[in-house]
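Participant: Based on these hints, arrange chain Y on the given structure of chain R.
Line by line, the protein sequences give chains R and Y.
According to full-length UniProt numbering, the first sequence holds residues 1 to 315 in order.
According to full-length UniProt numbering, the second sequence holds residues 1 to 615 in order.
Read the hints as simulated data drawn from the structure, not as lab findings.
Some hints could be false.
Stated by the list, open to error - Below, in silico cross-link-like pairs of lysine-lysine (PhoX-like), each with a Cα-Cα straight-line distance of 20 angstroms or less:
no., chain 1, residue 1, chain 2, residue 2
1, Y, Lys54, Y, Lys79
2, Y, Lys536, R, Lys7
3, Y, Lys536, R, Lys219
4, Y, Lys317, Y, Lys388
5, Y, Lys145, Y, Lys169
6, Y, Lys169, Y, Lys193
Small disclaimer: the values here were computed from a predicted structure and weren't measured.
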Amino acid sequence: MQLLKLKETVEFMRFRKGAMVFSILLMLAALGSLFVNKLNFGLDFTGGTLIEVGFDQAANLNQIRQIMDSNGYDDAVVQLYGSSKDVVIRLAQREDVKAEMLGNQILSILKQGTGQELVMRRIEFVGASVGDELTEQGGLAMLTALICILVYVAFRFEWRFALGSVFALFHDVLLTLGLFSVLQLEFDLTVLAAILAVIGYSLNDTIVVSDRIRENFRKIRDGGPEEIINISLTQTLSRTFITSITTLLVLVALFYQGGALIHGFATALLFGVFVGTYSSIYVASAVALGLGISKEDLIPEVIEKEGADQEAMMP
Amino acid sequence: MLNKSPLWKTLLVIFVVAIGALYASPNLYGEDPAVQISGLRGVEADATTLDTIKSQLDQQQVGFSSIALEQGQVLVRFKNTENQLKARDLLDDSLGGKYSVALNLTPATPEWLAGIGGTPMKRGLDLSGGVSFTMEVNMNEAIVKAQDGMVGDFRSDLRNEKIRYRSVKKSTNGIDIQFRNAEDLAQATSYLKRRNRDLLFTENEETLTLSATMSEQKLKEIREYALQQNITIIRNRVNELGVAEPLVQRQGQKNIIIELPGVQDTAKAKEILNATATIEFRMVDQESDLGNALNGRVPASSQLLYDRDGRPTLVKKRIMLTGDHIVDAGSSFDEYSRPQVNITLDSPGGSKFSNATKNNIGKPMATVFIEYKPTERKDSEGNTIFEKHEEIISVATIQARLGKSFRITGAGSQQEAHNLALLLRAGALIAPIQIVEERTVGPSLGAENVELGFQAIVGGFALVFIFMLIYYRAFGVVANLALGANLILIVGVMSMIPGATLTLPGMAGIVLTVGMAVDANVLIFERIREELREGKSVQQAIHQGYDAAFSTILDANITTLIAAIILYAVGTGPIKGFAITLSIGIVTSMFTAIVGTRTVVNAVWGGKRLDKLSI
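Chain R extracted, bound-state conformation (with noise of 0.2 angstroms):
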């Protein structure tokens, strides 16, 4: 069986600009959300008290949301979690009340007021501090990450090449970090861990792309860089197409089925592969493009580049 059956090379290439303006409108949109919108942060960046009860019959929110604010928890955030049952409810840091009794003293106010049998599912308490530092590790772990593909592909293949996954996933990250502030899906750890997968993920589709990219210019002599990146993307369509199926395919289990505590991670990941895959081509190809050659520049000159590269990379 076969999805795709190209008989001629898709013009990909011709595209880009019109896909640059996209993707620089779309980046800008992000950014002034992050700034206007901020990231939903959970838990685990801001600190503060988050409690998952299960109620026995469907939980009434409006009644819950009454319940803490006449208790003095008014800045209590209540919402359902994965079923109309469970509620988590979310509690700023606050000095007053030792965190070892807010759990018992909010189940018991709740088992008083909504008269129904509760468990108590999950308590997390983290301070600020720990959630300063979360945040500054995640950071470095991401710019480090970064640095290293950054070098090992600049080593590996061509600094216009590294320059282009870099920048795709620059590109990805941020999108998906807007998607977050736009929808202010809450922001935690798993999600992170997601971004961190859509970093791999896009980097793997762009490495894929770029290795038939360098297969190609030492290949065909004849033609333009832009001819054999519209060649090379052509080729390896295909593949794009059935690794992101496969990979949608589990992406689509797990939010369906992987429970609420990884719906967040699951939903960074869905939109990760998307934007991943188009990445891969419009900008991290494109922007190899637009730095490898302007338009005076002629084609002999850029295959003698390559040339000149790899007798580099030779020992």
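Facilitator: For chain Y alone, coordinates are given in the frame of chain R:
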């Protein structure tokens, strides 16, 4: 001939998958309910304890499936939880006080498998239920305490040297000493500089002040020591909880992470972690009659205390010294190779102790262990009431006037001396600790997470399986074989590596690897198709396909691996869990997708005359 694998390669693939399957297999056996009995405060469970437990269980006809002594703990396994609970109650009553009796789940790995190191994967808290605490050590306190020590040291040093000073005061990260004249200042400077090489001294001749500051190095040492010491203390306390696989680990500069899988009673865990244990030195009351005291006539100034074997001793109520003056304690042997405990006090403690012991040479002194244990009772505000628990751990005769460092003999065996030193150290928290983060996952939520994660893996797998089968037909079967082998290898490696813990994001990582692992095969298969389209022969196409795809797969996976390894090194908690499975998954999938499928493809299609390929 093209596409024939050498025998060693085929054998290697079979061998690797077989080993993977072998080490993955302990996960199939599940867990046995068990009761774990471990000694408290220096007591160790031994063969006698084991016999006692065995006979008690037999007597009450509580059936158990096995009983064993492992690392100073007795582990009794049961067929069902009913017997487990019965046994716990029974043993709790009979062993009481001296041992902790804890419920436990123990892997039911068969002995031969356990013998070759087979263990099931460790599950993170999110999957097993349990508590995790992050405790922060108050480093300011640690430094203030060190400064206090320095103030005392300087004062006594100067006094001993007969150098007159006006005042000794704490400053930021150090001490300021004021003198009356330049001569004293110069004398003190040269003397103190010699004695304290790890401090930086600056003289100010105008204000007649000598400032001593702790170097960065010294500050770092203090912090490091406070952290290490608190970890030791917490480890001791965690052991008392009798948790199966507790984790006590430093995180960063001042935090300690404690993970207690399976613990549901968080209140108890917290109380024990926060519990304050300390040591007091008191004189033994020799004037009054022990017999009278035992009959209830205890003199007002004395108190009747017991040691851990129940032997009574009458001790004075007046405390000579408390444990918070202890800076360090260790065990060694004296000149007659009897075990001894060496104790070092801080300066104020040293002079206090020296005064207290000078008139009591030749008399017995008791070391009393004090612990505040939480009770079931609560006060009006809902705070747990703590009960003071006192126990004599040693009685020793004072040989000479004791100063800053001294030793206690008569601790019995070397092991006991060692434990006593541990307790003394544990009694002296250098810096207070507080819980900054706490996570509790209920057992039901943990079970649910496993269930959901498992479903997602099965669901994702099934979808990918079907897709590959339809899309690549016979080669799809090969890719699916590789996928299955990949999962077995991931589980096998996760079980083998001691530090690897399966968490929910880790499960997500496995699921993701499944999606991405297919990529290597897709790359190869698409290449083969391309080659076929170009009119190459079947054998040529297979050969070229694998060849051409190899460097691409390598590059793509290495870059992802770099990212995963960095995540592991820098990340914590869920990120680490994810990074572990992802890195393992990348490595195993490279093996199964490149080497594994090649072997199968070669075995089925290699070296034959074929006109068409089912791809």
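Participant: Would you check the hint for lysine 536(Y) and lysine 219(R), treating anything up to 20 angstroms between C-alpha atoms as holding?
Facilitator: Holds, because 18 angstroms separates the two Cα atoms, which is no more than 20 angstroms.
Participant: Check whether the Cα positions of lysine 54(Y) and lysine 79(Y) lie no farther apart than 20 angstroms.
Facilitator: 16 angstroms, holds
Participant: Given the hinted pair lysine 169(Y) and lysine 193(Y), is their alpha-carbon gap at most 20 angstroms?
Facilitator: Holds, at about 17 angstroms.
Participant: Is the hinted pair lysine 536(Y) and lysine 7(R) satisfied, with a Cα-Cα distance of at most 20 angstroms?
Facilitator: 18 angstroms, holds
Participant: If you draw a straight line from the CA of lysine 145(Y) to the CA of lysine 169(Y), is it 20 angstroms or shorter?
Facilitator: Status holds; Cα separation ~13 angstroms.
Participant: With a cut-off of 20 angstroms on the C-alpha distance, tell me whether lysine 317(Y) and lysine 388(Y) pass.
Facilitator: 15 angstroms, holds
Against the hints set out earlier in the document, no violation occurs for any number.
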